[in-house]
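There are 4 protein chains.
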Amino acid sequence: MPLFTGVVPPVVTPLNADYSIDFPSFTRTLENLLDGGVHGLFVLGSTSEVVFHDEAERKAIIEHAVKVNNGRVPIFVGVIDPTTDRVINHSKIAKAAGADAIVVTAPFYARTSQPEIIDHFRYIKDAIDIPIIAYDIPVCVHIKLERKTTVTLAREGIVAGLKDSSGDDGNLRYVLRDMAGDANFFGMTGSEIMVDTALAMGAHGVVPGIANVDPHGYVKMWNLMQAGKHAEARVEQERLLKLFEIVWIALGRTSAGSAGVGSFKTAMRSLGIITTNRMARPQRDLNAEETAKVDAILRDVGLLG
Amino acid sequence: MPLFTGVVPPVVTPLNADYSIDFPSFTRTLENLLDGGVHGLFVLGSTSEVVFHDEAERKAIIEHAVKVNNGRVPIFVGVIDPTTDRVINHSKIAKAAGADAIVVTAPFYARTSQPEIIDHFRYIKDAIDIPIIAYDIPVCVHIKLERKTTVTLAREGIVAGLKDSSGDDGNLRYVLRDMAGDANFFGMTGSEIMVDTALAMGAHGVVPGIANVDPHGYVKMWNLMQAGKHAEARVEQERLLKLFEIVWIALGRTSAGSAGVGSFKTAMRSLGIITTNRMARPQRDLNAEETAKVDAILRDVGLLG
Amino acid sequence: MPLFTGVVPPVVTPLNADYSIDFPSFTRTLENLLDGGVHGLFVLGSTSEVVFHDEAERKAIIEHAVKVNNGRVPIFVGVIDPTTDRVINHSKIAKAAGADAIVVTAPFYARTSQPEIIDHFRYIKDAIDIPIIAYDIPVCVHIKLERKTTVTLAREGIVAGLKDSSGDDGNLRYVLRDMAGDANFFGMTGSEIMVDTALAMGAHGVVPGIANVDPHGYVKMWNLMQAGKHAEARVEQERLLKLFEIVWIALGRTSAGSAGVGSFKTAMRSLGIITTNRMARPQRDLNAEETAKVDAILRDVGLLG
Amino acid sequence: MPLFTGVVPPVVTPLNADYSIDFPSFTRTLENLLDGGVHGLFVLGSTSEVVFHDEAERKAIIEHAVKVNNGRVPIFVGVIDPTTDRVINHSKIAKAAGADAIVVTAPFYARTSQPEIIDHFRYIKDAIDIPIIAYDIPVCVHIKLERKTTVTLAREGIVAGLKDSSGDDGNLRYVLRDMAGDANFFGMTGSEIMVDTALAMGAHGVVPGIANVDPHGYVKMWNLMQAGKHAEARVEQERLLKLFEIVWIALGRTSAGSAGVGSFKTAMRSLGIITTNRMARPQRDLNAEETAKVDAILRDVGLLG
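If you read the protein sequences in the order shown, they are chains A, B, C and D.
As numbered in the numbering used here, residues 1 to 305 make up the first sequence, in order.
As numbered in the numbering used here, residues 1 to 305 make up the second sequence, in order.
As numbered in the numbering used here, residues 1 to 305 make up the third sequence, in order.
As numbered in the numbering used here, residues 1 to 305 make up the fourth sequence, in order.
One or more hints might be untrue.
[Claimed, not checked] Straight-line alpha carbon distances no greater than 16 Å define the calculated EDC-like cross-link-like pairs of lysine to aspartate or glutamate that follow:
| # | chain 1 | residue 1 | chain 2 | residue 2 |
| --- | --- | --- | --- | --- |
| 1 | C | K148 | A | D54 |
| 2 | D | K148 | B | D178 |
| 3 | C | K95 | C | E55 |
| 4 | C | K148 | C | D168 |
| 5 | A | K229 | C | E232 |
| 6 | A | K92 | A | D129 |
| 7 | A | K242 | C | D178 |
| 8 | B | K242 | D | D178 |
| 9 | D | K242 | B | D178 |
| 10 | B | K92 | A | D54 |
[Unchecked claim] In silico contact screen, one side only, chain B against chain D (beta carbon under 7 Å); selected entries:
| # | residue |
| --- | --- |
| 11 | I130 |
| 12 | D169 |
| 13 | G170 |
| 14 | T197 |
| 15 | H230 |
[Claimed, not checked] In silico contact screen, one side only, chain D against chain C (beta carbon under 7 Å); selected entries:
| # | residue |
| --- | --- |
| 16 | S20 |
| 17 | F23 |
| 18 | T83 |
| 19 | F108 |
| 20 | E116 |
| 21 | D119 |
| 22 | A127 |
| 23 | W248 |
| 24 | G252 |
Source of the hints: derived by calculation from the structure; they are not laboratory data.
Virtual Cβ for every residue (Gly too), placed ideally from N, Cα, C.
Same shape as in the complex, but just chain A (with noise of 0.2 Å):
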């Protein structure tokens, strides 16, 4: 088995109205999570807003994650930024604060080739002795992690698995029979949408941004999938289709960036999880409009009363 599996949020990081961490609502939003029955915990992926983190704010996150898990599941630290050598101190400081593995992406604004993502990689890995997750999320680092590329660092023993926020699961297929004879490697989606099939032809697990609104869901839908019971997780990830429609409220008046995680972040604080749906700046919180309608979808799919 590889060293992953199953449903491993990247968990939200709650921000107070003077958009300093709202480390209270930090502990209710893990805590969460982790009585849903998640695998794993994600800290300073994509939607924690990690690059809006300075570096003492992404230890306070990583060491208040460490201390309420208080090793019930192990915590994946994203440690991103634009190149090798700043990604190596993350690195550094998230394996000192308790990470069982980093998350790592291609370089960004600075523009590399294939071969270069791959010496990314392997200074890294020189670096620091902890496993590594290759990061592929071309919507925000402007480049994929091409095939080749996660499997020649995969059979090298440089990744330990792929993250693939890429939207391109055909490619993912091919990374997962690539690898299919080694035990040590693992492809997660980061697809909240298609994970029933995503898990159908092989993947070990999903990392789910909206599994912070309803961690349950997709625990049981990694269940039923481990049963073999396609049919009824596939009703489960229809409900959860119908849940993800949350992230586009915002659209237009907002990005995409401020729509997605801050409806994630509306819809907590309508379930009470967390205290304010702040968002760091300078993106845009939702407003009490866009909130009725994220809580309408929370009551469609049975969240709110």
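Starting from the known structure of chain A, fit chains B, C and D onto it as the hints suggest.
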């Protein structure tokens, strides 16, 4: 007249073989530009490999440039990182270290809208009292500073100028026309190859990376255009077009990032300005074969004997 | 049940060395598909090199397919050209020649908006009485049929179905869910590699280009999924993933267009179905070295002895 | 001197309310351009809505233009369709109808590589004896004619010139420089807003769609640049920049295609040149509110009393 005009090259940051900053070479780089007659220096621009440098390195780079320059020309400082508050932090360091203006891009990695980008600049202006230059570089941040965004910020007095590295000279022209009545605004092109034409249409300056290799050429072209000698300026621009072909020599073997700035460093090494052509990790240095091609072009344009 | 379901391959158009249509090979191509048990035929799709054929050739292709098929399965006909009235013209020819349905893309070369695309389909529906299948293929037309566009057209009864070659299975899933209550609508995937999963999430069929090489594989997978045997269907899909690797063999030397359909023709020639692997001008045929690589894969998946 | 130089507007094709070609308006359109002093006419360019017209309409358009022009200036004819042999067919009709040169894009819908694009032009040259102008318009065909592609074709004598509607003036400049020694090659810009600068850097002409509204402006700018009066040419260009703002009035409500050519037609109607502002289906006409905004700009630039 606007605050800044003329030739303001983005300064290369020379590295030692071990990736540390080579300050003696950096001194020679700065002196070579000042000897060439440039009207300003832009440190920590994309050409400086800014996103590869952490806070401490950036501080050292600014302080060194300020010391070497010793007040001869204004110094712009790039404060480039993904999000607002991190940019504000860099801005404070830059101001304290002696920057005359800061250069700010749209957020990156994070996905933001034009209104959020406008807020991004407003928050920075609120946090620090220093002239702000908007930096339009979609090839790195993957979003355009739209005409309306730039003009809104200029009219509100949030930004003092624009550095346009978008390649969209038509848009720059409209921005210049929109702001034509405002003596406090300037617009500079980041192009190396459309400089005479950009100046002819009203740009107030140029920020050419390859001026690290040949500052005299750009200063000569600036002076010719100021004197209304368009035909002679074109001759000089065409010589520089020939020089600029170095940026494609390593393309294919490596990325656009490595091939471009890497060719500047390689040429500067051949000209005795810097000691190595080392690029920050994970970028790749130009090799011996590519260096020979760079040198052939340097000879062709009269820079190498 | 919707109008059409099952495996409906886009039929390759074999050419003679002089670029004329090789009708005997075309007959064998059609018979091979029908022998394989396909549920429909899609002539003049992208795989047929439709845009390389003029009106007279297209008419001959349809008539030949109709004659060979002789009513055994329904025939979809692609009516692919840049703009509305030209599409209507092709549609009338297609209907007269015996098409059971027409397949229509968004306009191309011309730049249109989603409301104009909706009007495009409405005008075609007004002009001709035949089932219309919307064809979402942004890689060729460079605009997406958005979920709202497709669902609007489906609810108005303008389109009877969707052929989704966008690779965006999440969007297809939402369309299928939006139309779930409407027995008159069907959605098929154009993917060759995400077929079991597309069927699992509710797709009504598949339009796989590589079924020209191996129709039995796709029919087998369809039957297994109909029987709820997901694990066995996955095994078959994974065999077809291996086969599908032929499409990348010539990539780099030639374009995605030539490399993809060219590999189908090359494999079909090796299997004795067609006489040449000629591609329409200016595309390039696979060469001997590439053919050897195609053959190796054919052997690997059990198609070639 | 190259074969063709000067102002060669792409001619608008006026339509009646029923979408048929309005020949009396077309005559006035042509006479207005010729009265304005243009040096050539480009019929069936993108501005003519060429891809909306079938073979018979295209033939009628060419013949009408040839008859009205009556040898006064050279006539370029766009032969725009997706693939090689269809372009050859259009080319033969164009030549027979009296074209002085044909204008050819890269293939579209079909995905081709640069070497295949080179072959595309070679096949056309082999098939017909008439000057060929390469048309670089990635916004419609979604692939760039790379510098090396254009220069290869020019040096082989396959193409006599380039019409560059790519917006990449730096690339155009390199092509002009590469071909500087060859009197048989010309390069024209398709820009309306960077004309003085394109001419300053060596372009041999301009193909401005909005010259249908104001031919005198572009001819005046051409003459000023020929006389070396750059400053006066810039003043005229800036007046035309103001006029060009009409193309964005309807954007958002409709597509870039409808908004651009639609604004030309609307302005021409207001100026009494044509009878309707009808756009080919499924494009949308500018409405009354948008017409008022167009008229305001026409008054602002002195075209409307």
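Evaluated hints:
{"no.": "1", "hint": "C:K148 to A:D54", "verdict": "violated, 40 Å"}
{"no.": "2", "hint": "D:K148 to B:D178", "verdict": "violated, 37 Å"}
{"no.": "3", "hint": "C:K95 to C:E55", "verdict": "holds, 14 Å"}
{"no.": "4", "hint": "C:K148 to C:D168", "verdict": "holds, 14 Å"}
{"no.": "5", "hint": "A:K229 to C:E232", "verdict": "holds, 15 Å"}
{"no.": "6", "hint": "A:K92 to A:D129", "verdict": "holds, 9 Å"}
{"no.": "7", "hint": "A:K242 to C:D178", "verdict": "holds, 10 Å"}
{"no.": "8", "hint": "B:K242 to D:D178", "verdict": "holds, 10 Å"}
{"no.": "9", "hint": "D:K242 to B:D178", "verdict": "holds, 10 Å"}
{"no.": "10", "hint": "B:K92 to A:D54", "verdict": "holds, 15 Å"}
{"no.": "11", "hint": "I130", "verdict": "violated, 32 Å"}
{"no.": "12", "hint": "D169", "verdict": "holds, 6 Å"}
{"no.": "13", "hint": "G170", "verdict": "holds, 5 Å"}
{"no.": "14", "hint": "T197", "verdict": "holds, 4 Å"}
{"no.": "15", "hint": "H230", "verdict": "holds, 5 Å"}
{"no.": "16", "hint": "S20", "verdict": "violated, 11 Å"}
{"no.": "17", "hint": "F23", "verdict": "violated, 18 Å"}
{"no.": "18", "hint": "T83", "verdict": "holds, 4 Å"}
{"no.": "19", "hint": "F108", "verdict": "holds, 6 Å"}
{"no.": "20", "hint": "E116", "verdict": "holds, 5 Å"}
{"no.": "21", "hint": "D119", "verdict": "holds, 4 Å"}
{"no.": "22", "hint": "A127", "verdict": "violated, 10 Å"}
{"no.": "23", "hint": "W248", "verdict": "violated, 14 Å"}
{"no.": "24", "hint": "G252", "verdict": "violated, 9 Å"}
This entry does not satisfy hints 1, 2, 11, 16, 17, 22, 23 and 24, going by the numbered hints stated previously.
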